[in-house]
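Enquirer: What follows is the residue order along each chain.
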Amino acid sequence: MTTTVTSHRPQPPAQPLTLRARRLPAYAAPAIAVVALLVSAGIVYGAGIGGPVLVVVIAALLYLAGLYTAAKAVEGRRAARNRTWSALIHSAFVLAVLPLASVVWTLVSKGTERLDGNFFGTSMNNIGARDANGGAYHAIIGTLEQVGIATLITVPLGVLCAIYIVEYGRGRFAFTIRFFVDVMTGIPSIVTGLFVLAFWVLVVSPWFNDGRPGFSGFAAALALSVLMLPTVVRSTEEMLRLVPAPLREGAYALGVPKWKTILRVVLPTALPGIVTGIMLAIARAAGETAPVLLVAGGGAAINFNPFENNQSSLALFVYQQAGEASKYSPARAWTAALTLVVLVLVLTVAAKLLARRNRLGR
Amino acid sequence: MGDTPHRSAHAGTGGTRVATSHEWPAGASARVAEPSGIPGIPDNGLGGGGGLPRARAFGAERAFRGLTLAAGTTVLVVIAAIAIFLIAKAVPALRVNTESFWTFEGWFPNDDPPKFGIGALAFGTVLSSLLALLMAVPVALGIALYLSHYAPRRLGNALGFLIDLLAAVPSVVFGLWGRDYFAQPVADLSAWLNKYFGWIPIFGEGPYGSSILLGSVVLAIMVLPIVTSLSREVFRQTPTANEEAALALGATRWEMVRTAVLPYGRPGVIAAVMLGLGRALGETIALALTLGSTYAISFNILQSGGNSIAANIANRFAEANDTGRGALIASGLVLFAITLMVNITARAIIYRRREFTESAA
Numbered sequence: 001m002t003t004t005v006t007s008h009r010p011q012p013p014a015q016p017l018t019l020r021a022r023r024l025p026a027y028a029a030p031a032i033a034v035v036a037l038l039v040s041a042g043i044v045y046g047a048g049i050g051g052p053v054l055v056v057v058i059a060a061l062l063y064l065a066g067l068y069t070a071a072k073a074v075e076g077r078r079a080a081r082n083r084t085w086s087a088l089i090h091s092a093f094v095l096a097v098l099p100l101a102s103v104v105w106t107l108v109s110k111g112t113e114r115l116d117g118n119f120f121g122t123s124m125n126n127i128g129a130r131d132a133n134g135g136a137y138h139a140i141i142g143t144l145e146q147v148g149i150a151t152l153i154t155v156p157l158g159v160l161c162a163i164y165i166v167e168y169g170r171g172r173f174a175f176t177i178r179f180f181v182d183v184m185t186g187i188p189s190i191v192t193g194l195f196v197l198a199f200w201v202l203v204v205s206p207w208f209n210d211g212r213p214g215f216s217g218f219a220a221a222l223a224l225s226v227l228m229l230p231t232v233v234r235s236t237e238e239m240l241r242l243v244p245a246p247l248r249e250g251a252y253a254l255g256v257p258k259w260k261t262i263l264r265v266v267l268p269t270a271l272p273g274i275v276t277g278i279m280l281a282i283a284r285a286a287g288e289t290a291p292v293l294l295v296a297g298g299g300a301a302i303n304f305n306p307f308e309n310n311q312s313s314l315a316l317f318v319y320q321q322a323g324e325a326s327k328y329s330p331a332r333a334w335t336a337a338l339t340l341v342v343l344v345l346v347l348t349v350a351a352k353l354l355a356r357r358n359r360l361g362r
Numbered sequence: 001m002g003d004t005p006h007r008s009a010h011a012g013t014g015g016t017r018v019a020t021s022h023e024w025p026a027g028a029s030a031r032v033a034e035p036s037g038i039p040g041i042p043d044n045g046l047g048g049g050g051g052l053p054r055a056r057a058f059g060a061e062r063a064f065r066g067l068t069l070a071a072g073t074t075v076l077v078v079i080a081a082i083a084i085f086l087i088a089k090a091v092p093a094l095r096v097n098t099e100s101f102w103t104f105e106g107w108f109p110n111d112d113p114p115k116f117g118i119g120a121l122a123f124g125t126v127l128s129s130l131l132a133l134l135m136a137v138p139v140a141l142g143i144a145l146y147l148s149h150y151a152p153r154r155l156g157n158a159l160g161f162l163i164d165l166l167a168a169v170p171s172v173v174f175g176l177w178g179r180d181y182f183a184q185p186v187a188d189l190s191a192w193l194n195k196y197f198g199w200i201p202i203f204g205e206g207p208y209g210s211s212i213l214l215g216s217v218v219l220a221i222m223v224l225p226i227v228t229s230l231s232r233e234v235f236r237q238t239p240t241a242n243e244e245a246a247l248a249l250g251a252t253r254w255e256m257v258r259t260a261v262l263p264y265g266r267p268g269v270i271a272a273v274m275l276g277l278g279r280a281l282g283e284t285i286a287l288a289l290t291l292g293s294t295y296a297i298s299f300n301i302l303q304s305g306g307n308s309i310a311a312n313i314a315n316r317f318a319e320a321n322d323t324g325r326g327a328l329i330a331s332g333l334v335l336f337a338i339t340l341m342v343n344i345t346a347r348a349i350i351y352r353r354r355e356f357t358e359s360a361a
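Protein chains in written order, with UniProt numbering: chain A, 1 to 362; chain B, 1 to 361.
Just to be clear, a hint being listed does not mean it is correct.
[Stated by the list, open to error] Quick partial rundown of chain B residues pointing at chain A, CB under 8 Å, derived from the structure: (1) F64; (2) V78; (3) L275.
Everything labelled a hint here was simulated from the structure, so no lab data went into it. Since we're looking at a predicted model, the values are computed, not measured. All residues carry an ideal CB built from backbone N, CA and C; glycine is no exception.
The task is simple: from the sequences and hints, build the whole structure.
Expert: Below, the structure written as structure tokens:
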């Protein structure tokens, strides 16, 4: 151990020099980065094995190796590991942000192309491959109706189910319900679509549809509610468990029956959290394509009646337009995608903001 | 599958099983002061030496309780109904299938005689999902650690919020982006990989384009926000005492993460990965748009082709006749079974250690 404390002030002689660990100077990391970049550019262009992307990749690897070596020489092995992992974690972040930023950028730049009144005011009825106009009015109606009906079905069912699990359920049966609600969260959306196809469209609906399978918006709503149910139950359950026990005990002490306690004390206390969960479930359901594709039929005309005839939805509209050969369909697809994302994100952001105001917080 | 819920347990809901110790989660203290349910004691439940009004046999309490019980049972009924109806519709199609359902590579259920097999589809589903996880999980854990332990707190929170938003973006958007704007870079990468690493069997000959590689990269990008946001949640709940103890013993930041944060978060991370796997296995539209839709088992991930169960259902549904629908439903049943197994495994892991409450996706 000779000299090398980074400070240039005169050291008090009493202090042992080894008390401070030696550290890499602040300029070391950028310097290593520049050297790595130069070396890697030299290798790649010298050998002619690739373009700028490869330069960056090899430079990153060289940087990590160089940083480790330098830090190990100066600071020791543990500090070197710390630096390397730190660099890796930071680069993981950069690596993930790139494609996600690209998605967002494409969405905004492509999606604004057809963002006009015509798009929101017309359907795709009688729009041929050579027509530049045509819009998603029918799809927006479909999405709103289907998601609305699904919400009407799911919310009472889900909240009551959560109340059973938290307030009444005991023993193995309640545990089984809890477990299968969790399992249900993972059922693929296409399977719920197939279920409603096998159950509603092919078996039940022919009874009141002259024997023909009835593809309809309502069938899509059924499939979406199967998807939403576990999400609503789970979030409601979490919220009900957060309601402080003294609130319930106070109500019981005043002689309030249990059901009234639940409805008048527990539910209102947990309400903001429950609404947050419901909104997140709605946002997820609005973006689902697969079940709607299987059971709604996907018509091109405006259809306000969800119980009869084909309906479309925004997500399905995007998928259909993506599969079409017309040169105008990509613009329509991207604009519909932008509309859908805005709808979903507004719901999500509102839900998160509501959650922030929730007094029960975790 | 042995997953049929036993509804005979119905009878046991009255509360006779209070004594059996189930591991109730952290909020369980909320379930005190249950006014009813102990057998042998009159059901007014409030004590008071009989001075209180007796519980009515058909009052609002009973009605409400019955209502919630019915809602709870609905969940089990729905799961059972999914299995029953899928099986009922799949069996007729499977009966007329003239080839082996498990090994035949092809999908011609509309022909006469019908021929279809799930082998290649199941293979593609599992391969693309595993590749996606292989790419997404290390990056996702890196981001989760960055957000929870490396970034400044405000920045971490803001970016975490952004990641949560990205998890909500519909899959059709990722699929469209992958097909229209990401296919070309991936094709270039494929050509490069084949040129310099062609000696590895998975980097085979072209033509390049809608390949398993493209599908699984898009899938990875989609799964990334989900795994990130779940594991970030877990990492953030590491007890501060553990972290500070590690730092006080002179650990560097990475050593603190490795000794305090990662062991604590392991079950949560495993669960997050399994949930991500469940998502990837069931993903439909993004893969329908990015895979080449062929029916062959091939480990060459660069070549145009590949397929998955869910994508196949979306692609072939429009042209399917009765048998075709049955065949698609049969393939959906296989997918249901696979995801059910993955999910039950994940849940079992979570239930075994419940120090954290996951706000499940």
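Enquirer: Which of the stated hints cannot be reconciled with the structure, identified by number in ascending sequence?
Expert: Of the numbered hints, all hold.
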